Structures are given as C-alpha cells and as structure tokens.
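In order, the protein sequences belong to chains A and B.
Under this note's numbering, the first residue of the first sequence carries the number 1, and numbering increases by one thereafter.
Under this note's numbering, the first residue of the second sequence carries the number 1, and numbering increases by one thereafter.
Just so you know, not all the hints are guaranteed correct.
[To be verified] No more than 25 Å apart at the CA atoms, straight line, and that leaves these computed lysine-lysine pairs for DSS-like: (1) K343(B) to K64(A); (2) K10(A) to K91(B); (3) K10(A) to K569(B); (4) K91(B) to K423(B); (5) K534(B) to K10(A); (6) K482(B) to K495(B); (7) K47(A) to K504(B); (8) K502(B) to K482(B); (9) K534(B) to K502(B); (10) K495(B) to K534(B); (11) K584(B) to K534(B); (12) K504(B) to K482(B); (13) K32(B) to K504(B); (14) K281(B) to K313(B); (15) K502(B) to K64(A); (16) K307(B) to K569(B); (17) K91(B) to K574(B); (18) K307(B) to K323(B).
None of these hints come from the bench; they were simulated from the model.
These numbers come from a predicted model, not from an experiment.
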Amino acid sequence: MTDFDPVELKRIRWHSRRGLLELDLVLERFLAQRFDSLSPAEMSAYKALLELPDNDFLDVVNGKTDLDDPSIMQIVEILRAI
Amino acid sequence: MGVPVRRFDAVIVGGGGAGLRAALQLSESGLKTAVLSKVFPTRSHTVAAQGGISASLGNVQEDRWEWHMYDTVKGSDWLGDQDAIEFMCRKAPEAVIELEHFGMPFDRLENGKIYQRPFGGHTQNNGQTPVQRACAAADRTGHAMLHTLYQRNVRANTQFFVEWMALDLIRDADGDVVGVTALEMETGEVFILHAKAVLFATGGAGRIYAASTNAFINTGDGLGMCVRAGIPLEDMEFWQFHPTGVAGAGVLITEGVRGEGGILLNSNGERFMERYAPNLKDLAPRDFVARSMEQEVLEGRGCGPNKDYVLLKLDHLGPDIIKQRLPGIREIAIKFAGVDPIKEPIPVIPTCHYMMGGIPTNYRGEVVIPQGDNPESRVNGFFAAGECACASVHGANRLGTNSLLDLVVFGKSAGDSMVEYIKNEMPTWKDLPADAADRSLARIARLDGQTNGEEVADVRTAMQRTVQARAAVFRNADNLSKGVTEIQQVAERVKRTQIKDKSKVFNTARVEALELENLIEVAVATLIAADARKESRGAHAHADFPNRDDEVWMKHSLYYGDERRLSYKPVHTKPLSVDYIPPKERTF
C-alpha cells in the first residue's frame with residue numbers, strides 16, 4: 001500500500017459506481033479484493049479505465065475489445081479474472 | 001443555521017434521459033437551470049437500455065400512433081391513463097426525429113430513414129400482427145441518447161452539479177415546492193438549492209429487491225424524498241420481472257438459452273415446468289415461468305444453502321451448441337455465477353427490472369396529489385419525469401422500448417410545463433421556510449451520533465431479502481401480509497443504522513446510509529400496496545385473486561408514508577382526442 005491521498009481514494013471508489021450492473025459487480029469485487037494493494041502506476045491505470053464510457057468499459061472487461069496501453073491492460077486482466 | 005443557499009430558476013434532480021431532456025427545454029428558454037446527479041450524467045442507468053425507443057414512424061411497415069396506443073393500453077392491463085398514453089404515442093415520432101436532429105446515431109435503412117426492429121407487444125392493427133416500431137442505435141440506444149442530450153445541455157449552458165446527492169424536498173407552508181437540500185459529496189457540506197420549480201428525474205428503485213438488474217445507483221432517492229415530504233407514491237405494487245437473472249448477481253440470462261433447449265430444475269432435479277405448463281414447459285410466457293420458479297422456492301424445492309433459487313441446466317446441449325448459439329452466456333455464468341454451464345447448471349431467480357409506479361404526475365409532468373375533492377390537484381413548483389414518475393403510461397406492465405420513449409416525451413413535456421410555470425406564475429422566488437434544511441441536517445446528525453446501531457449493509461440485505469421473498473412475482477395473501485409486518489420491522493432497523501466513518505469529504509458510507517433511507521420507503525410502499533390489491537393485473541399476480549377485477553380495482557393506489565396508509569384514485573378513461581379503449585381480457 002502506497003501513500004495515496006485518502007480523499008482521492010474515496011473519490012475513485014465512488015467513481016467505481018457505474019450505470020451498468022455488470023460493472024458495479026465486477027468493480028465491487030475489485031475494490032474489496034485488490035484496490036488497497038495497488039501500486040501508483042496501477043492506480044493511475046485504474047483511474048484511466050474509469051474515464052471510459054460504461055458500454056466501452058464493459059466491452060473491455062468482457063474481453064470483447066482490448067486497449068492499446070499495456071499498463072492499463074494489466075488492470076483489465078485483473079478485472080477479467082476477478 | 002448557516003446552510004448556504006444557491007438560487008436557480010429550475011433545479012433538476014437526476015441526470016439520466018428524463019432529467020437531461022427536461023433541462024434542455026429550460027436552459028434553451030434562457031432559464032438558469034441546475035442538474036444534480038450522484039454520478040457523472042452519462043453514467044446514469046439510462047445507459048443500460050439496449051432495446052430501442054418505439055415510435056410509429058412506419059419506416060419499415062405501415063404503422064399508426066393509434067396502434068401504438070392500443071398496444072400500450074393493453075400492455076398496461078388497462079391501468080394506464082389513456083390521456084397520457086395518447087400523448088406519449090402521438091408525440092413519439094416527433095420525439096425520435098428530434099433526437100435524430102440532435103445528432104443521435106440511429107441505425108438506418110438503405111433509403112436513409114431510421115431503421116425499426118420488432119419488439120414484443122408492439123403490433124399493427126390493434127393486436128393483429130407484430131410490427132417493427134423500435135428505433136435503435138445498435139445495442140447502445142440508451143448510451144447514445146444520454147451522450148446526445150448531455151452534449152446539447154452543455155451547449156445550452158445547463159449547470160451540472162456532479163456528485164451531488166439531493167437529500168430532501170423543501171415545501172413551504174402552502175405546500176408548494178421551493179427547492180431541495182443537497183449534499184456535495186466532495187466537501188460533505190449540505191446546501192439549499194432554492195428554485196422556482198423543481199423536477200425529480202431520479203430513476204427507479206430496483207435495488208429494493210435482492211435480485212435486480214438495476215445498477216447500484218438506483219435507490220429511489222426521489223421517491224424517498226417525496227414520502228418524507230408528504231407526497232404520495234402511485235401504483236407501487238407493480239414491478240416488472242425477468243425470469244432468469246443469475247442468483248445473487250442480477251445479470252440477465254437471455255430467454256434464448258431456454259429457446260435452445262435449456263431447462264429449469266428444482267432441488268429434486270425435477271424439470272418442474274412440465275408440471276405447470278405441460279405443453280410449452282420451459283418456454284411458457286415470461287411471467288408464468290417466473291411465478292412457477294418462485295412457487296418451487298416457496299414450497300421448499302429451491303436450491304443452494306438458502307434454498308432460494310432454481311437451476312438452469314444446459315450442459316446437455318454440449319459445448320459446441322453453447323459456444324456457437326449462445327455466445328457470451330458461458331462467460332456471464334462463469335463471471336457472475338461462478339459456474340461453467342458446460343459442466344454445471346446456472347443458479348437463476350426471477351429478477352426485478354423496472355418500476356411501473358412512482359411519483360404521481362399528469363401528462364404535463366406536473367406532480368398531482370389529492371386535495372379536497374380533487375384527486376389530482378397540482379403541487380405548485382413540483383414536477384417529475386422518467387422511471388421515478390407515474391404518468392401513468394405503463395400502468396400494471398410496461399412494454400419494451402416504451403421506457404426510453406417515456407423519458408424523452410415526458411422529460412420534454414415537464415420541461416415545457418416548468419418554463420410556462422416559471423414565466424407565467426412564478427416570476428420570483430417564494431421565500432424559503434425557516435426550517436428548510438432542518439430535516440436533512442437532523443438525518444445527518446442522527447447518523448453521525450448513532451451508537452450501538454446496525455450496519456447499513458446488513459439492514460439493506462434484510463430489506464432486499466424480505467421484498468424478494470414476499471413481493472416478487474409470486475404473491476398470495478399470507479405471504480404479502482407477513483411481508484408487511486417484516487418490512488416494517490426492517491424499517492425500524494433503518495432508523496438505527498450506524499456508520500464508522502464520520503468524515504465529511506467523499507464519505508460514501510454516509511451516502512449509502514442515506515440511500516437506504518430512501519430505499520426502505522419504497523420497499524414499505526411496495527409491500528403495503530401489493531398486500532392491499534386483491535386482484536391480479538399485469539405484473540401484480542395474486543394467487544388468491546387470480547383474475548383482474550375491473551369493477552373494484554381499476555384504480556390507482558396512492559401510498560402515504562406518514563401513516564403508511566393507502567388511498568385510491570380513478571384511472572383516466574378519457575383519451576385526449578380518440579375514443580376510449582375499453583378493457584378486454586389480455587390474451588396473446
């Protein structure tokens with residue numbers, strides 16, 4: 001666990017609430033199991049993922065599409081497996 | 001109290017399709033308009049709508065709005081208000097073309113017109129043959145609509161308050177609505193938003209059920225605020241269900257699985273649908289399959305440690321068929337049910353999808369409540385649209401693709417009514433009552449000061465289990481009356497919820513506790529209204545009263561939270577311009 005701004009962490013948790021149930025379920029597990037042990041690079045990759053529109057985000061999580069950035073894909077692989 | 005006040009001409013709570021459509025009318029007419037949303041507007045639950053938006057454009061086959069109206073009235077099982085239904089169906093083509101002009105990327109025919117696809121319940125010539133009436137943007141119609149409307153609002157200078165949660169409605173001594181209190185999540189501060197007119201577009205409350213397709217944000221905030229402010233809720237006994245959601249998750253397993261030969265089993269391994277529907281078996285109509293599933297669970301033949309689901313078996317189809325004809329199903333089952341359907345059956349349960357009831361409105365989007373002899377007296381300054389509102393166009397059962405239509409038609413109509421109201425009747429702000437923020441501040445103070453209380457998640461689970469067990473698709477007198485007692489016990493527990501984190505900034509635990517206070521109002525309303533309705537109509541199927549009883553029950557329920565009592569008001573039987581569509585038996 002690195003020193004993140006605690007307010008920022010809470011904000012990211014709230015941004016993990018989405019318009020699609022499928023994403024809520026996957027991200028809920030991710031927050032419970034993995035979120036607290038992310039490295040700074042992983043945290044910024046996760047934040048970048050949260051910027052995606054919900055449908056695009058779900059396609060990525062479901063493995064229908066991939067993203068170019070390998071660091072973001074590392075988080076995607078965690079989400080796909082969780 | 002030094003609660004800061006901000007002033008707007010109009011305040012809109014909710015940034016989904018209905019809120020954004022209404023905001024556009026207001027901002028474009030030059031009024032200072034604020035939209036509050038718990039999440040970024042384009043992440044509202046409207047994004048989940050895939051199917052389309054219906055309109056009798058007649059681009060593929062001959063169609064008329066009168067046929068659309070007939071289908072909607074019939075779909076509503078004659079509980080829909082026929083003036084509102086006529087209004088919606090007549091306005092539908094114009095609403096869709098307007099979205100197209102706003103830049104919404106609809107699928108097109110070769111001739112350039114909007115493509116239309118078939119959808120269940122939509123027919124030509126009053127029920128004779130299916131018609132292609134649904135306009136779609138691939139499988140992302142809701143997403144496309146939200147983005148289109150959001151962009152238009154940015155252009156029109158609508159002011160967005162993102163990550164703000166409305167807490168309570170402010171009514172003055174006359175009962176008029178003069179604003180809302182709201183929590184800015186980033187700071188944890190409570191504000192008063194003082195307005196000439198307020199619109200609720202807060203969406204559904206499907207999270208009252210343990211099994212729900214709704215996103216976590218669908219907590220019925222507008223409905224909870226109404227109940228606390230003395231505004232009744234209409235037709236809360238009517239909830240639409242899908243038979244096969246993954247148990248414990250809510251993600252839907254398409255009907256196609258049973259179409260390809262998937263079968264439902266109880267804990268004895270029995271294919272129980274053979275008993276309920278000897279001919280159609282697992283392919284009987286949706287509501288029938290759902291009720292049979294729940295009956296198995298209620299009679300103790302459910303599966304799993306809590307005996308609360310049945311199994312959808314498809315391994316006998318073989319891996320090739322599963323992979324080829326049912327793409328995505330295996331992944332959904334593995335991800336959300338933790339089982340590989342090639343080897344094991346999927347736990348499924350009837351799953352809540354849509355709330356037909358809500359805040360009572362007319363087709364102008366004005367909130368109307370009984371006062372004196374008038375069953376529908378306007379609440380000055382208060383409007384509602386979308387799933388949170390009950391106009392009522394869906395009545396006892398909603399047709400697919402009518403929900404997106406509802407959002408844009410009644411969002412716009414409510415927006416127009418607000419512009420008219422503000423310009424003609426409310427040139428300046430009414431005074432805020434001295435106690436405007438007291439209720440909200442007291443709720444927060446209670447939460448912060450609570451000791452020896454209950455965990456929010458535990459109480460929420462208890463509520464969801466109660467509503468699921470007592471007021472899902474299988475309803476009978478005994479079960480419902482037990483549910484009424486149980487849910488009121490849960491409501492007492494909600495008053496004692498406790499949060500560990502008392503910090504102000506981005507305190508999501510506090511938000512979830514406040515959301516639960518809204519959900520429970522909806523849950524209690526649902527049980528009490530369902531217990532009282534002694535007939536079967538649309539989504540309310542009562543085993544002890546299996547028939548529709550138009551003589552006694554063709555009326556809307558109104559639930560008042562202060563005394564937890566019901567009253568009723570007549571269904572509107574006069575359309576705006578055409579003849580009344582009299583009730584018939586609903587056969588297909």
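Would you pick out the hints that fail for this structure and give their numbers low to high? 2, 3, 5, 8, 9, 10, 12, 13, 15, 16, 18
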